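Enquirer: Can you make the complete structure from the sequences, with help from the hints?
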Amino acid sequence: MATLYPPPSKRQKLAQAERAREQQELDTIPSDLGSVRVQFYDQSTGQPTGPAVSVPVADANVKNLETLLNTLQGNEDDERVPYRFAYHSEKEGQTIDILRDVYHSLLEPGVKTTEDTVSLFYTPQAVFRVKAVSRCAASIAGHGEAILATSFSPINSSTMVSGSGDNTARVWDCDTGTPQHTLKGHTSWVLAVAYSPNGAMIATGSMDNTVRFWDAKKGTALGGPLKGHSKWITNLAWEPYHIQESGRPRVASASKDSTVRVWDVVSRVIDHVLTGHKSSVTCVRWGGTGKVYTASHDKTIKIWNPKDGTLLQTLSAHAHRVNHLALSTDFALRTSYHDHTGKVPGTEAEKRAAAKKKFEEAATVNNTIVERLVSASDDFTMYLWEPSTSNKPVARMLGHQKEVNHVTFSPDMAYIASAGFDNHVKLWNGRDGKFITTFRGHVGAVYQCCFSADSRMLVSSSKDTTLKIWDVRTGKLRMDLPGHKDEVFAVDWSPDGQKIGSGGKDKQIKIWRN
Amino acid sequence: MPQNEYIERWQKQHGKRLDHDERQRKRQAREGHKQSHDAQNLRGLRAKLYQQQRHKEKIQMKKRIKAQEEKNVKSAAPDEPSKTPLPQYLLDRSQETNAKALSSAIKDKRNEKAAKFAVPLPKVKGISEEEMFKVVNTGKKTHKKSWKRMITKPTFVGNDFTRRPVKYERFIRPMGLRYKKANVTHPELAVTVQLPILSVKKNPQNPLYTQLGVLTKGTIIEVNVSELGLVTTSGKVVWGKWAQVTNTPENDGCVNAVLLV
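Chains G and A, in that order, give the protein sequences. For the first sequence, counting from 1, position 442 maps to 442 in the UniProt record's numbering; every step adds exactly one. For the second sequence, counting from 1, position 117 maps to 117 in the UniProt record's numbering; every step adds exactly one.
Since the hints were derived computationally from the structure, they do not count as laboratory data. Please note: incorrect hints may appear among the correct ones.
What the hints assert, rightly or not - Below are the DSS-like pairs computed for lysine-lysine, each with C-alpha atoms no more than 30 Å apart in a straight line:
1) 16/A x 10/G
2) 12/A x 13/G
3) 299/G x 83/A
4) 184/G x 131/G
As the list claims (entries may be wrong) - Some residues of chain G that are not near chain A, with every Cβ distance over 10 Å (derived):
5) 16
6) 117
7) 356
8) 514
Remember, it's a predicted structure, so these values are computed and weren't measured experimentally. The beta-carbon is built from N, C-alpha and C at its ideal position, and this holds for glycine as well.
Expert: Take a look at the structure:
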């Protein structure tokens, strides 16, 4: 006998009609509003582009503005660039993103009227588009224990390195789905792996308190273990390519023993020991302006000068352990002079110049180089910092209901994604830390997340054995990638956007592609 | 709606009395007075029953107090890194004890076809209909035809079961022999958890018993494992899982089962 529901009450009917009406009205722009004057500005320089243009309000959506701006700049059909627009007022200091059209973002809330000239700041979006990864291209057994860390080579998506609980790190050929090299030497779990920015070397940090370096091409060890730490290594960061001394790259390693050590890779000695934290250091980042950022269990974030090993700043606002840090320029620093075209500059000076140019492009806002920092903590919140201007946070990001484990900046710095143990991934505005949306769908704690190179998608790995790909613009689930048989500890999206590599407790590396 | 939840239903439809909370609070505040009064004034069988019940309550109370005290003591045991490899971000966290540890091993086993149909108790002793059913012959007409049966074994009766009119009720499942929960053992983790029964899937004695929800030794039941936190390969939470009854509930007064993995 099927259940027969009673007919809806009058209140229910009214509410439904109301909802239907609202939904319908949302999409329309009134056609009798005439036109609005729009002045475009370049976000990075703050200079106006072209004269103020009169645009009919009914047509002033992002797509049309993009076409208009491309025409103003005289771009040919084949070199058209997609843009993102934001309204910015100097007086009130407020910034509003134009999500769909000018009417709904500015005119309807009453920020501007059709009488005013609207100043729109534009930032170019990635010209290439990463396709959503949809299938498992290879699932490679090899590791004898759980996989704890993965990282793609900055050069392209054909090699990846993974660190595992079986005391080895392995380099994989992702095009054929076969193992390339086994990096044996550590005597305990390999907790951290990092490719050097030029892709020639791999650094690994382990539970056995040592750091090792490997040749990425040949898979051979570059010397023995570097001893110094008295507890396990939690994280590694390479010196960005454009500030490296020629032929003398350096690595910073964070450890449970509450120190950070800066190693000279070639002469294999400790350059500096950065001491000052009172508890385990969880995360280290080497910024493009030549500062080292560290986060620790002692609730603080410290900023160091790696030249002489002095402490520059201490950022304290968190109320519990700081778990993870992300820099707005992370992606630019990681890939240095490599880009999606695959062209590599010939000489070292050119490479350095290319890396420097890429970093400056990424970090320049209004003609100043600004490196923003976001920190995730056990106190369920995140803070957005601008350490170069202030010791105070720019914004506090509230919303997670459990510990926040991982944060990342999108490559174009417009978004921040955070993964928490409350099964949610949350998306925030990278400029002011405003909440944008929550990606719901995981049924277990989310461990890691990673943006695609064009910042249009996000992948997250979870305790519930799945990877999920989210669409950043719509806030919806783009693709569900089941296949792992147990928790997925590590995930990485290759810098060229072709592949995703993931590994976890089921001891298998999985390569996903479109 | 279960048959006995008419008060909840009424409250959902009409709300509570305006002074409901106040009355509850007052009643609770006077609870001690009432108990004292009962203990002093009840006589005979009632006094005996009351003392028995009070005795049990006190045992529970003491247990709870003890557990609470143990919880407050800080253990000085050093936090050893676990034996299984963990990524850096999980290393310094206190490990939640969950029954998930071996789930991948379990899944591997599932893949083997042979293991799929093997159950821990492959054969059980048969139970005759005479033993299972007692003929009810109260009343003149029922006595004449003797068509009514009472089930003498423990049963599981679903939450949404509603009794039929007495005139049409052929099988009676006594209230005292109904079970809602089973003590389910996970064979590989060797942990036992009390879980709600969802349904009876198969009674090896007779398909009719399956229909009636009779719990005998060897019966396959479905239990609600959502609190164990198991997930499928596609990342969905596993809700119901099958288990086999391993004891004779009619003798023991409880249902023990082993999870089929």
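Enquirer: Look at each hint and say if it fits the structure.
Expert: Hints, verified against the model:
1. 16/A x 10/G: 23 Å, holds
2. 12/A x 13/G: The hint holds at about 20 Å.
3. 299/G x 83/A: Holds, because 28 Å separates the two Cα atoms, which is no more than 30 Å.
4. 184/G x 131/G: 35 Å, violated
5. 16: At about 21 Å from chain A, residue 16/G clears the 10 Å cut-off, so the statement holds.
6. 117: About 49 Å separates residue 117/G from the closest Cβ of chain A, which puts it past 10 Å; holds.
7. 356: 31 Å, holds
8. 514: 20 Å, holds
Going down the numbered hints, you'll see the structure goes against just number 4.
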